[in-house]
Amino acid sequence: MEAPLNDPSSELAEIVKSALEVPADGRGAFLDARCEGNAELRREVESLLAQEGSARELMQEAAHAKLAGILGESESELSPGEQLGNYTIVSLIGEGGMGEVYLAQDKSLGRQVAIKLLKPGLGTASIIRRFHEEERLLAGLVHPNIAQLFSAGLTSGGLPYFVMEYVDGPRLDDYCREKALSIFQRLELFRQICGAVSYAHRRLVIHRDLKAANIRVTGSGEPKLLDFGIAKLFDPSSALPEVTMTFASVMTPEYASPEQVRGEPVTTATDIYSLGVLLYELLTGEKPYKLDKHNPAAIAKAITETEPTKPSLALGRDRTADTKARTLLRGDLDNIILKALRKEPERRYQTVPQFSDDIGRYLEGRPVVARKSTARYRAGKFISRHKAGVAATAAVLIALIAATIISAWQARIARMEKGKAERRFNDIRQMAESFMFDVHDSIKNLAGSTPARQLLVSRALGYLDGLAREAHGDATLQSELATAYEKLGDIQGNPYVSNLGDTKGAYQSYTKALTMRQSLARIHPGNEAQEQLAKTYRAMGDILDQKGDVAGSVGSYRKSLGIFESLSSANPGNPHFAEELARAYDALGDGLRKTDHLEERMACFRKEAAMWQHLLDGDPENRRVQRSVAVSLMKLGDGWRDNKQEALDSLRKSVAIAQSLAASDPANASAQRDFALISYRLGEVLTQTGDYAAALQELPKPLTIYEKLAAADTKDVQARFDAASIHEDMAEASVNSGDPGRAVTEGTTALATFRQLVHNDAANMIYLRNLGLCYETLGNAHALAATRNIPAPERVARWTEARDDYRMAAETVATLVRRGALRPADKNLPTELAAKLANCDQNIVRVTQSSGATAR
Amino acid sequence: MNPPQEVTRQLHDGSEADAAAGASLMPLVYEELRCLARSYLARQRGDHTLQPTALVHEAWLRMAKTKDIKLLSRAHYFRIAAQAMRRILVDHARAHTAAKRGGLQRKLSLTDATELAIKGAVEVLALNNALQNLASHHPREGHVVELKFFGGLNTREISDALQISEKTVLRDWHFARLWLSRELMDNAA
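If you read the protein sequences in the order shown, they are chains A and B.
Once you know that position 753 of the first sequence is 736 in my numbering, the rest is easy, because the numbers rise by one and skip nothing.
For any residue, its number in my numbering is found by taking its place in the second sequence, counting from 1, and adding 119.
Take the hints with a grain of salt, since some may be wrong.
What the hints assert, rightly or not - Derived DEER-like restraints, expressed as beta-carbon distance ranges:
| no. | chain 1 | residue 1 | chain 2 | residue 2 | range |
| --- | --- | --- | --- | --- | --- |
| 1 | B | E285 | A | S502 | 51 to 59 Å |
| 2 | B | N248 | A | A22 | 45 to 53 Å |
| 3 | A | H559 | B | E285 | 14 to 22 Å |
As the list claims (entries may be wrong) - Some, not all, of what chain A presents toward chain B, calculated at C-beta under 10 Å:
| no. | residue |
| --- | --- |
| 4 | L(-5) |
| 5 | A(-4) |
| 6 | E(-3) |
| 7 | K0 |
| 8 | S1 |
| 9 | V5 |
| 10 | P6 |
| 11 | S30 |
| 12 | L31 |
As the list claims (entries may be wrong) - Cβ-to-Cβ under 8 Å is the rule here; a few derived chain A residues that face chain B:
| no. | residue |
| --- | --- |
| 13 | S(-8) |
| 14 | Q34 |
| 15 | S37 |
| 16 | A38 |
| 17 | L92 |
| 18 | V150 |
| 19 | D151 |
| 20 | V828 |
Everything labelled a hint here was simulated from the structure, so no lab data went into it.
Where a beta carbon is used, it is the ideal one built from N, C-alpha and C, also for glycine.
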């Protein structure tokens, strides 16, 4: 590596390096020897050695540190020296949830001010408008413990800012800690704060965001409250979830009152609550609740339902040694703080002075007003709490989550550091999951949650639309948004998940997702974007199918299929794309069920079945793939009209697979259900093809399973219904195979269940229809028996029973007609039943007359 | 899943194949470091104690797991990382001196929010030019500077990366500092 010394550069370098190792006083002699009269070399060496002092400064920190300095500076919106209206920016002094705070110089008044610049996305011009509406009120707040709000404006970039009195001092909590203030000193400080809040309340200004970070202590030990009245500006209506929605991203959950979380109107009682949290914190060093910041549901629950730990006990959590402090807190101070923290505003101190006075009484050793909350009261409260306000809490909870997601998104837009953004996106993804699914699912079964769920959707939609407008050119964000729209669409109306039944809204959301996916797929021809697009087409197909737009849905499924076909052929042997292709065939096949393209439909299932079979060959033990083979074969059974043999063969193969899956995992209810469903389908097709004997052999298989399921879980109505339906089918097959005895037995069993189901759920038109059909089958069974060679009186009895059953069937069908629930396929049923009734009557008359027997 | 063949082949330090692989991996390393640097810097304002070694090392760990860099030697990776770091700084500095800071009117760009302050940028560019000059006369010394200053490597790591003794690393570094200092001073004058 070392270059030969005869290279002049190397020689120079070598001499300099060696000279550096020689003490300064010996260098002259050293250079004399090494440069040997080469004056030019010597000059060169000396000029380098002359740099020794300044060179040491050079590159002290590595470039990364320099990079940090350079990039770090660009992070703030405003830089020192910049002009903002009447103010010159001096420096950045803080950064918080709302945005950045700068120290600035007021040019006309020569005083220093603090300028709070809102984060992009947090506020708009409307905040400034509201400020001007409130200006007189806010400007009128002149109190030694309140930092005055001077003015507000918009930067040329459109960001709102507030100009306020500059307070140079530490945060209240830091101050107390650093000065190691005693409990009594802290209480005195707190009473000063109460004075300021009370002053503002008298002037009709509520703070709404009281917290340690908003209170500074000046050099002379005076507390100063910051941001008075600012929170209100986020809140035009001062009511309803809307408020919390906008404000949620800046509101600190720890200080939020139950009514804020519930989205109820904010009053002076809200500030009293926050003061309670503040005092709690000042005296214990702890927050009243241990909140999991990543779990909004838990936050909301803790704030609205959980009783805070007694301050004296909270103190013990971290400072076990500090028994003196605990003794001081126990009793009156516990009661005072907990009274301020009551969930119901009306049970707190009614005014700030009352709160402050009670502390005063404590300091003077007089009895305090605050009393312990009794056990009986707490129990009563617990019960009423669980009855009321669930939907409202949910609504605000959703608002909180939405705001969090949005602010993370906005932060991403604002900053765009990729690594950070990726981490954020992971958070967002989790949040979105929780937002869209956990929250939605956790509230969907709550009575009265529909408005909350609708609010969830409309809020999410609003934010997504807003972000979508900014997402141009940002592939990652577009992709995230498309996913979010899809999730939203699912909640609105995906037929495969619990949804709000808003098919139209779901369609619109999917359309938005689709547009993004299309443009992403155009820009990024890679597999990923293509696959996403294909999946979105499939979801679109589902919703169009749900809407009844058969052509649209089939078209969408075809597009999805086309993409998966090319992905699969471009990636031969890739099992993932092969699976997706099989699913695409499945979707198209299902989509075609409402058309008359039966042959194409069967072709789809044929290809699907072959693909699953192929996948299974490569992975023979895979139960999931085995099941897919079975399901696709079952669907081929639908082609029995054209291809009876194929249909029956496929179904039999399908049953065999399902049976072995069910047998190998008896505890797996869904495997049992699969087997039941498929063998039931085989029984049905056998009935439809006229092979009643075979049907009667097949149908007991699913029957056994459904009866077992129904017995295992008496609440499993579906299993009972399915079992009854099979009995009914067996009755029908028995009639058709000429076995009226068995038909009556099966039909009677079915009837008992259907009657019970209808009795329990009179509004269920499916139960009612089956009841009607069951009566008809029983009628058919009796009518068949009546045609047998039996004595005349018995024959009359059979006809009579048949007539009674037909009459019941006719009445049931009439109910369906009255309720507008008669299916188009059943439209001839009333006439048919009327004809059957007439036939019974005629036969009764005929047999009676010819035999002389008496009809009942 | 298949790493590019040219990268998976033997990557001995200093070999031709290594150099070729290095060239092809440069964009990867560049991108990784750039992202990482930004994310580090974005964490906390006022906390500029960026650990250069941590940065390059973290990038190594991240890339070693996921990227085709797997089979590259660690020493070679550091050489590339240092070069990449240098390019990042220089690119930023160039971009910044070209586009004037927009101040308040600055619109938040969706693609690049890392606009650099002009201060520092000039310094970086000047240093870069000086380093280029140094490298043309004293290639190894130039390398040492790149690894130490841009790559954030310590003496031990530089000695591994360049296969020279630690003592040589230090001697080279001391010499290079004098040389660069004189060069920068001449240019400033």
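Unmet hints by their number, sorted upward, for this structure: Hints 2, 3, 9, 10, 17, 18, 19 and 20 not satisfied by this model.
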